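Residue numbers (the numbering used here), protein chains in the order written: chain A, -11 to 255; chain B, 330 to 749.
Mixed in with the good hints there might be a few duds.
To be verified - Label-pair distances were calculated between CB atoms; the ranges are:
(1) A:K103 - B:A356: 27 to 37 Å
(2) A:D185 - B:Q737: 38 to 48 Å
(3) B:Q341 - A:A102: 25 to 35 Å
Derived by calculation from the structure, the hints in this document are not laboratory data. Keep in mind the model is a prediction, meaning the values are calculated, not measured. Glycine residues also receive a C-beta, built at the ideal position from the N, C-alpha and C atoms.
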Amino acid sequence: MNVKPAEKLSMAIRDAAARGEPAIVAFMTAGFPSAPKFREHLLAVAAGADVVEIGVPFTDPMADGMTIQRSSQGALKQGVSLRWILAELAAMQRPSAPLVLMSYLNPLLQYGYAKLATEAAAAGVCGFIVPDLPFDEGAELRTALAKTGVALVQMVTPVTTPERLSLVCSASEGFVYAVTMTGTTGKNVAVPDTVLDYLDRVSKASPVPVCAGFGIRSREQVAKLREHVAGVVVGSALVEVLERGDDPTAWLQGLRPSAPRSPQHDG
Amino acid sequence: MNAHVRFSADEQREMLDAELAGRFPDARGRFGPYGGRYVPETLIPALERLEAGMREHLHREDFQRELGSQLRDWVGRPTALSHAPRLSAAWGADIWFKREDLAHTGAHKINNAVGQALLAQRLGARRIVAETGAGQHGVATAAACARLGLPCVVYMGAIDMERQAPNVGRMRLLGAEVVPVTGGDQTLRAAIDEALRDWVADPMGTFYLLGSAVGPHPYPYLVRELQSIIGREARAQFIEHSGSLPDAVFACVGGGSNSIGMFHAFVPDRSVEIIGIEAGGRGVALGENAASLSYGWPGVLQGCYSLLLQDENGQIHETDSISAGLDYPGVGPEHALLMAAGRVRYESATDGEALAALTECSRLEGILPALETAHALHGAKRWAEKNPGKRAVICMSGRGDKDMPTLQRTLLAGNSGVAS
């Protein structure tokens, strides 16, 4: 079977959504809280998720809130780099869920796009999310990744204009990352009806599955989003679970609307 | 010369021709290879609105008339061009100062702050956010916002709040809310990150009043347009006084706003040497200085592709300089272009050299310059030794009162330091 990495990603999300529940895209910062436990944490997260988004730490995470700023700094202090992450992934047992790397642009730029595309595909990475690379600046990286079939996931937001929304959605690969709010990651947000309308518009415009992210941390939010998107991204809340030393697999499973209620999920 | 930046003579000529013809920034917001708009998707509509608003208003007659009257009646422009007779005698070249230290709030920053605040008002902004390093941009923004009745929040690194304490008080007295930034490196870079995060939360109602010629397009262009009055005035004043152009112009370079403002009018004058002086800090190793043009290589930080002080993994490196206003690991894209094109030479001055130049200028000319400016003074002194009798204009970008806490700890500590 020769499925492109980008398609593997779309399929994992569609498969989960077809079972009647949004796919869970679970974010963790590589090497946080512990670099030696990275492989163990990754496998545990993958066991509870449909896609794992691995954060490459960066000194200036301008789109992220306090939690991911803290996890990025914590990982950098332990010497985590893109090079280290790709080596770890290449050396370990392949997790059960497809992998996406989230990185600000500069670490990718310094690594070299051609080398990145080859090594990422070899390490089982299906896609990239680059929060400071808007569609207009992305041609070079998109072209390089396309050579090995790796997706460049585009983001849209509630303030993206309708024309730009269709442009960005049709260029996105793997899935479209629909940011639920204007702001940084990690805030606990209610999901108002205006956001649901916006997510419906994104889902309508997008040829690939749509995942909603930023501020999602409870089963109630996931239940409210299930009719509107194919998947949800949980980031800061999961980073906090790992930081506390709780079981990420159980916590992720508890996010699914069909799961029995558990006291560790706040509303 | 920076070994990471090499262009052929043809490429250099092409870049300089395009710069002189006003073709930069191009449609993608680039100055040759540098610049661009590397920001989260949330900010794209806000930047597009800013760019459209800027194109509509900035060069319109009514806007320029209003800006012109604020600059004249409130800021105190034109600022003087002062001859420096005793420093000239000491250094051997004829030294002149473009006196931005005499502008309202004590530095060139007000030129940009009042211009952008007027633009924000026309675009219907509900509040202003700004970052500040030395505190000069924060004070200028607070003052401009008070003048125009706009609410103002200033982000400032915790380390900078300590070393530029007088400016924190000034901002608060001017009605601004000053928010300490304790994340990241706790200096200018962290303050910009935090201001961007604030803007991401309310991209349509908030106006980000960026203080340097850095960041995503259109800021490097907008800030240059508002600061280039410095060089235009200086050039006209020098010609009026001497009947010809100076041989060289100098300015200090952090992000690069006073320098691009000083240099821009002189770029077409091929006979004029243009020299920018960066913060050489304690030494040449990564982490010991803030001289990104001298020691950096290309990368993306805070919205812009330019030269950065970074490690081999693309992590932005912490910088070191005695001067908070120069303590930044990147530099404006137009400076990167002007260096690549071979039109402007960039050098650095160490903390010690800047302190010595500050002492000399204070004693010989009765002007206490900002620590940032003192770097440019040292660069001019070094040039003067090799160019006796020639004429140089230095951008006196700001006054040094704000640096008293640092000067108390250094030059005024015990009886060491202040040479007599």
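These are the hints, each one checked on the structure:
For the pair K103 of chain A and A356 of chain B, the beta carbons lie near 30 Å from each other, so the given range of 27 to 37 Å is met. Range check, D185 of chain A to Q737 of chain B: about 59 Å between beta-carbon atoms, so the 38 to 48 Å window is missed. Checking the proposed 25 to 35 Å range against Q341 of chain B and A102 of chain A shows it holds: the Cβ atoms sit about 27 Å from each other.
This entry does not satisfy hint 2, going by the numbered hints stated previously; all others are met.
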